[in-house]
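K.L.:
Here is what each chain is made of, one letter per residue.
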Amino acid sequence: MHEAMNQEQPILAVDDLRMHFPVKGGVIRRAVAACKAVDGVSFSIAPGETLGLAGESGCGKSTLGKTISRLYQPTGGSIHFQGTNLAGLSRGELKPFRREIQMIFQDPYESLNPRQTVANIVEEPFIIHKMGTREERRKWVGELLDQVGLPSVAAQRYPFEFSGGQRQRIGIARALALKPKLLICDEPVSALDVSIQSQVLNLLMELQRDRGLSYLFISHDLAVVKHISDRIAVMYLGRIVELAPAEEIYSNPVHPYTKALISAIPVPDPTHVPDRVILEGDVPSPIDPPAGCRFAPRSGLHHNPENLEITPQFKEISPRHWVEDCPACIQVETAV
Amino acid sequence: MAESECEVLLQVRDLVTAFDTDDGQVKAVDGVGFDVCKGRTLGIVGESGCGKSVTAMSIMRLLPQPMGKILAGEVLFNGMNLATIESGKMRRIRGNRISMIFQEPMTALNPVHRIGKQICEVLTEHNDLDPDDAWQKSIDILGQVGIPSPEIRVTEYPHQLSGGMRQRVVIAIALACGPELVIADEPTTALDVTIQAQILQLINDLQRDLGMSVILITHDLGVIAETCDEVCVMYAGRIVERASAKEVFANPRHAYTQGLLNSIPRLGGAPKTELNTIEGMVPALKDLKPGCRFAPRSGRKHTEAELMDRLPIKEIAPDHWVEDCPQCTKP
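From first to last, the protein sequence lines stand for chains A and B. The working numbering numbers the first residue of the first sequence as 1 and each following residue consecutively. The working numbering numbers the first residue of the second sequence as 1 and each following residue consecutively.
Heads up, some of the hints might be wrong.
[Said to hold, decoys possible] Here are the simulated EDC-like cross-link-like pairs (lysine to aspartate or glutamate), alpha carbons at most 20 Å apart as the crow flies:
1. Lys137(B) with Glu121(B)
2. Lys286(B) with Glu304(B)
3. Lys66(A) with Glu100(A)
4. Lys272(B) with Asp210(A)
5. Lys289(B) with Glu47(B)
6. Lys117(B) with Asp132(B)
7. Lys179(A) with Glu161(A)
8. Lys259(A) with Asp210(A)
9. Lys272(B) with Glu247(A)
10. Lys272(B) with Glu187(A)
11. Lys179(A) with Glu135(A)
12. Lys301(B) with Glu315(B)
13. Lys272(B) with Glu248(A)
14. Lys181(A) with Glu93(A)
15. Lys286(B) with Glu306(B)
16. Lys246(B) with Asp269(A)
17. Lys272(B) with Asp221(A)
18. Lys27(B) with Glu47(B)
19. Lys69(B) with Asp14(B)
20. Lys272(B) with Asp230(A)
21. Lys181(A) with Glu135(A)
22. Lys246(B) with Asp275(A)
23. Lys130(A) with Glu161(A)
24. Lys117(B) with Asp140(B)
25. Lys117(B) with Glu86(B)
26. Lys27(B) with Asp14(B)
27. Lys286(B) with Glu161(A)
28. Lys272(B) with Glu206(A)
29. Lys286(B) with Asp20(B)
[To be verified] Sample of chain B residues at the chain A side, in silico, Cβ under 8 Å:
30. Ser162
31. Ala197
32. His219
33. Phe249
34. Leu260
35. Ile264
36. Gly269
37. Leu307
38. Met308
39. Pro312
Because the hints were derived from the structure by calculation, they are not lab data. What you are looking at is a predicted structure, and each value in this text was computed from that prediction instead of being measured. Every residue, glycine too, gets a C-beta built ideally from N, C-alpha and C.
From just these sequences and the hints, can you work out the full model?
P.N.:
This is the structure in structure tokens:
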């Protein structure tokens, strides 16, 4: 279902990925329902490409990132990384792939061990993978810190001595240590101030150019996602509702949720008159969601019972522009 | 937007607020001044630690005690100086004539009381209402802030509501007594964009209907552009630029404002291009110099006098005020 006709072999191809968590209840803590955080997601990432993943809190974007890096055992579907399906691998079998896929986390205050020096934090991946002698490792750490724009004296300091932006740089240095091919960036700039955010975004783009990295860039901020991504996937309640090149999704959104999301972003220009689609209500619970169109209750569009029961197809409506083809959401939109 | 149209409700003059810390006294707000006009929205924008929230807390007299104190300056509200007024009188103003919308709706609400009780608390504190009337009024207010079936929600607890609904309850509490001024401190920062759009719309509608003034504190320039009439840009405890929103966005004069506007990624911008940045980071409060505080990040050489002497804030165009640093101000 992913874009099979892509010129190159994708570095990552995810097909019909599902990650369900049991919801336990009753006296004996039996699984009474399933929280379908990721429920049938398919996409691919080409070498050197950035795929942006946008959506509101609770839509499953972080779970998707963690499932791809196999911090979770997926419930179903496949994760092909350079041809190998990671979904079925055991802990030991996964180890070589851990070097290739790394993560950068949102909160640089919580994702660094406060009792370790920066040198120890950045060196740890080498130790785990038994690489180099002590001297070599220290040299590599120095090089990594230099590449992310930190002074060499930073190595002997502790995380609390750094600002949020610098801590995020430490997190990036650690993620780059093993020369990964794919970085999963989970809201890497959300906790940072705007002037620092742009520094970190520039660094990520520069590293991508230099090293040919691929990114899965997860963020709720569509302006940030739009800036850094080649293609953007918009997620809603465990599914991707629209996937297209960044320019295309912004200038020609098809799914009503994508339209609402783009229109909700405040534009930093007081002369701009927003043409806003205000969505009613909140994101519904992902516990036992309907099989059909999940956006129906908030769309304000009339859905027939079958629209709510039949899982909509993920369809390529124009080259490289994929959308979840709910007849009620899409047809009405194209007719207008 | 001429000054003459503006009927001033709140005047802040040379406000200095300091905290006692282990490193000695630090001034989080150092000589801040602005006017809030009746029925208008003033935005205060700046990065974390620039003193936006401390300014709000100073106006509300909610500074953490005993560390925080107002060292100098005036906060004139209808002729009363809130900076020096006795705490009993302040209690009758706070929540009644000036109220506040907080950032984090979960921590701003008491988790063990029903929503209705929390609204009634404000109502009965400031009005002579019997409990049944207050309860009925709570239901009306919840309806007014767009909560569906308010007569059911009023009996619920905060944890039963979503983030957006909780923020509506916080707004309901702030509006309960029909305040003249509402201070909204990052009211939508904890919310998703689609919910943020709902809440900003609600604040706008309520302001129009009730004619109150709003001080909106945020780090998001998009939110400022959309909601504010006037804007103060704060940096390291000072206001570096103050003008109408249109003017600040169209014609920013201070290097910090320019840097801030240039560093945000825009939806219509060219993708994957290098963003402009402001080098370095916000200085620590204890290291601040009296003069231009943006100097280390401005990339421009400052003289000793510009760093060490207090700079005046100057009106360089009608109603457009800028901290007058010869290096950082565009003439």
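K.L.:
If a hint holds in the structure, say so; if it does not, say that too.
P.N.:
Hints, verified against the model:
no., hint, verdict
1, Lys137(B) with Glu121(B), "12 Å, holds"
2, Lys286(B) with Glu304(B), "19 Å, holds"
3, Lys66(A) with Glu100(A), "14 Å, holds"
4, Lys272(B) with Asp210(A), "14 Å, holds"
5, Lys289(B) with Glu47(B), "18 Å, holds"
6, Lys117(B) with Asp132(B), "11 Å, holds"
7, Lys179(A) with Glu161(A), "27 Å, violated"
8, Lys259(A) with Asp210(A), "34 Å, violated"
9, Lys272(B) with Glu247(A), "11 Å, holds"
10, Lys272(B) with Glu187(A), "17 Å, holds"
11, Lys179(A) with Glu135(A), "19 Å, holds"
12, Lys301(B) with Glu315(B), "24 Å, violated"
13, Lys272(B) with Glu248(A), "15 Å, holds"
14, Lys181(A) with Glu93(A), "18 Å, holds"
15, Lys286(B) with Glu306(B), "19 Å, holds"
16, Lys246(B) with Asp269(A), "8 Å, holds"
17, Lys272(B) with Asp221(A), "15 Å, holds"
18, Lys27(B) with Glu47(B), "16 Å, holds"
19, Lys69(B) with Asp14(B), "14 Å, holds"
20, Lys272(B) with Asp230(A), "8 Å, holds"
21, Lys181(A) with Glu135(A), "25 Å, violated"
22, Lys246(B) with Asp275(A), "19 Å, holds"
23, Lys130(A) with Glu161(A), "29 Å, violated"
24, Lys117(B) with Asp140(B), "14 Å, holds"
25, Lys117(B) with Glu86(B), "28 Å, violated"
26, Lys27(B) with Asp14(B), "13 Å, holds"
27, Lys286(B) with Glu161(A), "15 Å, holds"
28, Lys272(B) with Glu206(A), "10 Å, holds"
29, Lys286(B) with Asp20(B), "11 Å, holds"
30, Ser162, "4 Å, holds"
31, Ala197, "4 Å, holds"
32, His219, "7 Å, holds"
33, Phe249, "5 Å, holds"
34, Leu260, "6 Å, holds"
35, Ile264, "5 Å, holds"
36, Gly269, "6 Å, holds"
37, Leu307, "21 Å, violated"
38, Met308, "25 Å, violated"
39, Pro312, "25 Å, violated"
When the structure is compared with the earlier hints, violations turn up for hints 7, 8, 12, 21, 23, 25, 37, 38, 39 and for no others.
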